[in-house]
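Enquirer: Could you slot chain L onto chain B? The hints should help.
There are 2 protein chains.
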Amino acid sequence: MTTMNTDQPAKTDTIEEKMKVSLDKSDFNEWYSNVVEQSNLTDKRYPIKGMNVWPAYGWKVMKNIDRLIGEELVSTGHEEVHFPLLISEEVFAKESEHIKGFDDEVYWVTHAGGEELDVKLLLRPTSETAMYPIFSLWVRSHTDLPLKTFQLVDTYRYDTKQTRAFTRVREIHFFEAHTCHADFEDAEKQIAEDLEIMERLGKKLCLPYLMLKRPDWDKFPGAFYSLAADTVMPNGKTLQIGTIHQYRDNFSKPYDIKYEDTAGEHKFAHQTTYGMSERLIGAIVGIYGDNKGVILPPAIAPYQVVLVPILVKKSKAEVSDSCQKLRDELISVGVSVHLDHRDIRPGSKFYDWELRGVPLRLELGPRDLERGEVTVVRRDTGERNVIKRETVKAAVVEILNDIQASLLKIGEQMLEDSINTVDAIDEAKGKTGVIRVGWCGEPDCDDQMCKLLEINMLGTPIIDEGYSGNCGQCGKPTTTVAYYAKSF
Amino acid sequence: MTTMNTDQPAKTDTIEEKMKVSLDKSDFNEWYSNVVEQSNLTDKRYPIKGMNVWPAYGWKVMKNIDRLIGEELVSTGHEEVHFPLLISEEVFAKESEHIKGFDDEVYWVTHAGGEELDVKLLLRPTSETAMYPIFSLWVRSHTDLPLKTFQLVDTYRYDTKQTRAFTRVREIHFFEAHTCHADFEDAEKQIAEDLEIMERLGKKLCLPYLMLKRPDWDKFPGAFYSLAADTVMPNGKTLQIGTIHQYRDNFSKPYDIKYEDTAGEHKFAHQTTYGMSERLIGAIVGIYGDNKGVILPPAIAPYQVVLVPILVKKSKAEVSDSCQKLRDELISVGVSVHLDHRDIRPGSKFYDWELRGVPLRLELGPRDLERGEVTVVRRDTGERNVIKRETVKAAVVEILNDIQASLLKIGEQMLEDSINTVDAIDEAKGKTGVIRVGWCGEPDCDDQMCKLLEINMLGTPIIDEGYSGNCGQCGKPTTTVAYYAKSF
Numbered sequence: 003m004t005t006m007n008t009d010q011p012a013k014t015d016t017i018e019e020k021m022k023v024s025l026d027k028s029d030f031n032e033w034y035s036n037v038v039e040q041s042n043l044t045d046k047r048y049p050i051k052g053m054n055v056w057p058a059y060g061w062k063v064m065k066n067i068d069r070l071i072g073e074e075l076v077s078t079g080h081e082e083v084h085f086p087l088l089i090s091e092e093v094f095a096k097e098s099e100h101i102k103g104f105d106d107e108v109y110w111v112t113h114a115g116g117e118e119l120d121v122k123l124l125l126r127p128t129s130e131t132a133m134y135p136i137f138s139l140w141v142r143s144h145t146d147l148p149l150k151t152f153q154l155v156d157t158y159r160y161d162t163k164q165t166r167a168f169t170r171v172r173e174i175h176f177f178e179a180h181t182c183h184a185d186f187e188d189a190e191k192q193i194a195e196d197l198e199i200m201e202r203l204g205k206k207l208c209l210p211y212l213m214l215k216r217p218d219w220d221k222f223p224g225a226f227y228s229l230a231a232d233t234v235m236p237n238g239k240t241l242q243i244g245t246i247h248q249y250r251d252n253f254s255k256p257y258d259i260k261y262e263d264t265a266g267e268h269k270f271a272h273q274t275t276y277g278m279s280e281r282l283i284g285a286i287v288g289i290y291g292d293n294k295g296v297i298l299p300p301a302i303a304p305y306q307v308v309l310v311p312i313l314v315k316k317s318k319a320e321v322s323d324s325c326q327k328l329r330d331e332l333i334s335v336g337v338s339v340h341l342d343h344r345d346i347r348p349g350s351k352f353y354d355w356e357l358r359g360v361p362l363r364l365e366l367g368p369r370d371l372e373r374g375e376v377t378v379v380r381r382d383t384g385e386r387n388v389i390k391r392e393t394v395k396a397a398v399v400e401i402l403n404d405i406q407a408s409l410l411k412i413g414e415q416m417l418e419d420s421i422n423t424v425d426a427i428d429e430a431k432g433k434t435g436v437i438r439v440g441w442c443g444e445p446d447c448d449d450q451m452c453k454l455l456e457i458n459m460l461g462t463p464i465i466d467e468g469y470s471g472n473c474g475q476c477g478k479p480t481t482t483v484a485y486y487a488k489s490f
Numbered sequence: 003m004t005t006m007n008t009d010q011p012a013k014t015d016t017i018e019e020k021m022k023v024s025l026d027k028s029d030f031n032e033w034y035s036n037v038v039e040q041s042n043l044t045d046k047r048y049p050i051k052g053m054n055v056w057p058a059y060g061w062k063v064m065k066n067i068d069r070l071i072g073e074e075l076v077s078t079g080h081e082e083v084h085f086p087l088l089i090s091e092e093v094f095a096k097e098s099e100h101i102k103g104f105d106d107e108v109y110w111v112t113h114a115g116g117e118e119l120d121v122k123l124l125l126r127p128t129s130e131t132a133m134y135p136i137f138s139l140w141v142r143s144h145t146d147l148p149l150k151t152f153q154l155v156d157t158y159r160y161d162t163k164q165t166r167a168f169t170r171v172r173e174i175h176f177f178e179a180h181t182c183h184a185d186f187e188d189a190e191k192q193i194a195e196d197l198e199i200m201e202r203l204g205k206k207l208c209l210p211y212l213m214l215k216r217p218d219w220d221k222f223p224g225a226f227y228s229l230a231a232d233t234v235m236p237n238g239k240t241l242q243i244g245t246i247h248q249y250r251d252n253f254s255k256p257y258d259i260k261y262e263d264t265a266g267e268h269k270f271a272h273q274t275t276y277g278m279s280e281r282l283i284g285a286i287v288g289i290y291g292d293n294k295g296v297i298l299p300p301a302i303a304p305y306q307v308v309l310v311p312i313l314v315k316k317s318k319a320e321v322s323d324s325c326q327k328l329r330d331e332l333i334s335v336g337v338s339v340h341l342d343h344r345d346i347r348p349g350s351k352f353y354d355w356e357l358r359g360v361p362l363r364l365e366l367g368p369r370d371l372e373r374g375e376v377t378v379v380r381r382d383t384g385e386r387n388v389i390k391r392e393t394v395k396a397a398v399v400e401i402l403n404d405i406q407a408s409l410l411k412i413g414e415q416m417l418e419d420s421i422n423t424v425d426a427i428d429e430a431k432g433k434t435g436v437i438r439v440g441w442c443g444e445p446d447c448d449d450q451m452c453k454l455l456e457i458n459m460l461g462t463p464i465i466d467e468g469y470s471g472n473c474g475q476c477g478k479p480t481t482t483v484a485y486y487a488k489s490f
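Residue numbers (the numbering used here), protein chains in the order written: chain B, 3 to 490; chain L, 3 to 490.
Source of the hints: derived by calculation from the structure; they are not laboratory data.
Incorrect hints may have been included.
A pair counts as met if it fits within one copy or between any two copies, since identical chains are not told apart.
As the list claims (entries may be wrong) - Pairs of lysine to any residue, SDA-like flavour, derived with a Cα cap of 25 Å:
id : residue 1 : residue 2
1  : Lys102    : Gly115
2  : Lys65     : Arg329
3  : Lys150    : Gln326
4  : Lys255    : Asp323
5  : Lys65     : Thr157
6  : Lys46     : Arg142
7  : Lys46     : Lys260
8  : Lys205    : Val399
9  : Lys51     : Pro256
10 : Lys122    : Asp156
11 : Lys46     : Leu139
12 : Lys269    : His144
13 : Lys260    : Asp45
14 : Lys96     : Thr157
15 : Lys327    : Val76
16 : Lys46     : Lys96
17 : Lys65     : Gly336
18 : Lys51     : Leu154
19 : Lys205    : Val335
20 : Lys269    : Pro49
21 : Lys96     : Glu118
22 : Lys327    : Thr78
23 : Lys122    : Ile101
24 : Lys150    : Asp68
25 : Lys433    : Thr462
26 : Lys65     : Leu88
27 : Lys122    : Asp161
28 : Lys478    : Ser143
29 : Lys260    : Arg47
Predicted model only: the values in this text are computed from it and were never measured.
Bound conformation, chain B alone (with noise of 0.2 Å):
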């Protein structure tokens, strides 16, 4: 391949090179390791497992989810900190749940400069130790919470099981949120804030989830409880996009984050953290993706328009000209628009964005230009129309807002296409993606259903859905129901 892994593609015609490596959505798995490498948004070669490279594309792409992010939580009275990668051994054991929970996923530091250190330091695999003794400096008066902060860093986690680009990475980035509160009530309200967060960012990056209440056996390590978001890959299996967990004082007391109330009693400060990481990329590609290349929402496209100039050789000032204006005017009005210069066929430029997952591929040659003119190619239907040139501003923004709200409908008709819901767990058996099923609440019953179809419960939702049936599993009437899948 000789292409360079960057914002743009090369300027060399690779199009030849780049179709040897075919992309078949039938076969999942092989189509999504191609796509997001061929696509530009990953460099997989890096010479240690499970860490990629960024290319400028990709990162481009993480960036602007990043500043979604960012403006989510400013907008609800989040400052973002930044704190240090490195965690002492007895800081990190303070909270005996949590280093059983990730004791086995960390990468220790030993020596530094020729000498073995003193006190090991682990690279962060989630920064709650690493915070909380600071914490415990901030927060001392009730007058200091709510605290409501949040980071954006990579974090470290030794996984062993197969890598796979966004995924499943041993060097993840991500997005933390963490505050403190007076008391429990408060600390349900942040979780709630962070509800509707999610709810927003999931509509802006297009993508439908459920949020479920894990089971006790699951949650993160530490919390009172964890709520998660999964959504449904088009292999059946469910990827975990992001988690709220409620701390309660689980960490304030080890970390002894304390504050003095109005009456002047000293009290633990109640804790909850909000995550999510660049597996929602990975969610984006698998979702949506096709045979062509990915396909990205115009929210978190670097480019939304592309526009290739259709060059013969009488009129190419002329069409130069056009588009650069064209270009000039769609910026105007806040859209992203990459112009394609590169001395190459325009099939390949198509080929290359396509691939890309540019969301609008405008084409102006001599004969629009005659006419008054643009071609109009929109990535996620194929569809091409042929606007009026004075009519493209308003037509591009139009068309940009369609794109997202009819991706998020596909994807929300994906999701529950994808959950079968059963009255007995026997039913479900070689149905593939999500069991909604009902659960007398004994964990030995959970135990069969699981075994059974090679299954894990995802949990239970946390809307009540006027859920009224028998268990799946020993017939005894219920009205909880859990939703289970095979998970990334």
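Expert: Just chain L, lined up with the frame of chain B:
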């Protein structure tokens, strides 16, 4: 200290507590150590030496600097990428000078998930050895060149000298540009561009500097030559705030970064790098701060203006409304404003924001309202003026520009004043600051001059200063002038 280390000062009135720590710049080291923490730029209480926490206020300053750097780099055709933190020992060791230069300073990851790793991994001290194996895959043809990339990451150096916030830390927030070129000449053009970028950034950050070519024995490990920007702190010591390196093909050979030229011949690329770090903040704090706190240039201040309502019972609602209107007006012309609503005395607010270095304070009380006026106080000069309410938008923009310009002018004068030109090295005895002296080019003469005054050679100017004199040590006639100083 009950202050919350975040974006805004604590909600409680902590002026009395803060005043306990005096800020007296005549003792520069003590003053610096206190002011960086009192102003909430950093929190040094993280339990690992040399690794500090970025509270929200400090992180906002850093992100503003990152943004300015990113804008410059993107506008000159660089693309932002993001490479892994970890580098394997064998890949790191390929360029022998480079590993010799950093071997004493790296952190080693030896274990993960309870097991010893087959290959030791190190935390990037800088990213040459992370990037260049991948560059060798990205660069194939002359059409892939120039390759111009940059990243903004944290780097890790186990520096054994005494740590100091921003200027000597072990986790360093870092900008690094890496480029590949067809030949030496094209790489030289890149260095010329870097010098221009540095000049523009220096103006935006109000940071004057000397741009010097480091002597051969002090160049970056692996470089063909190194240029460095040194600024001078008020105690007369220099601080290196930026470096630009010409690598020639020193790295492309061991890392096999080759391209096919137009004639079909395979050639090694020529490379350059350009780096800066959080030291920029340390320099700004050191140069401009005073006994009241730090002074931030408007271009990087988290808030350019703080608006303090002077509330008296009778007109509370009126003043509050007017303040909100004023804030919105200023935001509409691109000024970042913080309206300080806290229920504490105005004097405490003045104190807090002066400590944090907000360039301009606006006060609005009932009397101002009556007279149709606003009170304006400059942080840099302390000057207090009353301006007509209807002129406030234009006036604020103008004053901010003036602060920016006058800070830079002061800094430039300070730099100029700190340079002592001497004919013989003996004359430099007892002088603080930079020594500018003729040098015959003999390492031995340099050595003796360094020993005599316990100073180091910073280097020689990159622009011909038309010097004609004698070597400060041996007296031989020379047209080479060298700069010496004690360095941070």
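Enquirer: State for each hint whether it applies.
Expert: A quick look at each hint next to the structure:
no.	hint	result
1	Lys102 - Gly115	between (30 Å within a copy, 12 Å between copies)
2	Lys65 - Arg329	within (23 Å within a copy, 29 Å between copies)
3	Lys150 - Gln326	between (45 Å within a copy, 24 Å between copies)
4	Lys255 - Asp323	neither (66 Å within a copy, 43 Å between copies)
5	Lys65 - Thr157	both (16 Å within a copy, 20 Å between copies)
6	Lys46 - Arg142	between (46 Å within a copy, 18 Å between copies)
7	Lys46 - Lys260	between (45 Å within a copy, 20 Å between copies)
8	Lys205 - Val399	within (17 Å within a copy, 38 Å between copies)
9	Lys51 - Pro256	between (35 Å within a copy, 22 Å between copies)
10	Lys122 - Asp156	both (20 Å within a copy, 20 Å between copies)
11	Lys46 - Leu139	between (41 Å within a copy, 11 Å between copies)
12	Lys269 - His144	within (9 Å within a copy, 66 Å between copies)
13	Lys260 - Asp45	between (45 Å within a copy, 19 Å between copies)
14	Lys96 - Thr157	within (20 Å within a copy, 27 Å between copies)
15	Lys327 - Val76	between (36 Å within a copy, 21 Å between copies)
16	Lys46 - Lys96	between (36 Å within a copy, 21 Å between copies)
17	Lys65 - Gly336	both (17 Å within a copy, 23 Å between copies)
18	Lys51 - Leu154	both (23 Å within a copy, 23 Å between copies)
19	Lys205 - Val335	within (22 Å within a copy, 31 Å between copies)
20	Lys269 - Pro49	between (49 Å within a copy, 24 Å between copies)
21	Lys96 - Glu118	both (23 Å within a copy, 24 Å between copies)
22	Lys327 - Thr78	between (39 Å within a copy, 22 Å between copies)
23	Lys122 - Ile101	both (14 Å within a copy, 24 Å between copies)
24	Lys150 - Asp68	both (17 Å within a copy, 23 Å between copies)
25	Lys433 - Thr462	within (20 Å within a copy, 75 Å between copies)
26	Lys65 - Leu88	both (24 Å within a copy, 21 Å between copies)
27	Lys122 - Asp161	both (20 Å within a copy, 17 Å between copies)
28	Lys478 - Ser143	neither (50 Å within a copy, 69 Å between copies)
29	Lys260 - Arg47	between (47 Å within a copy, 17 Å between copies)
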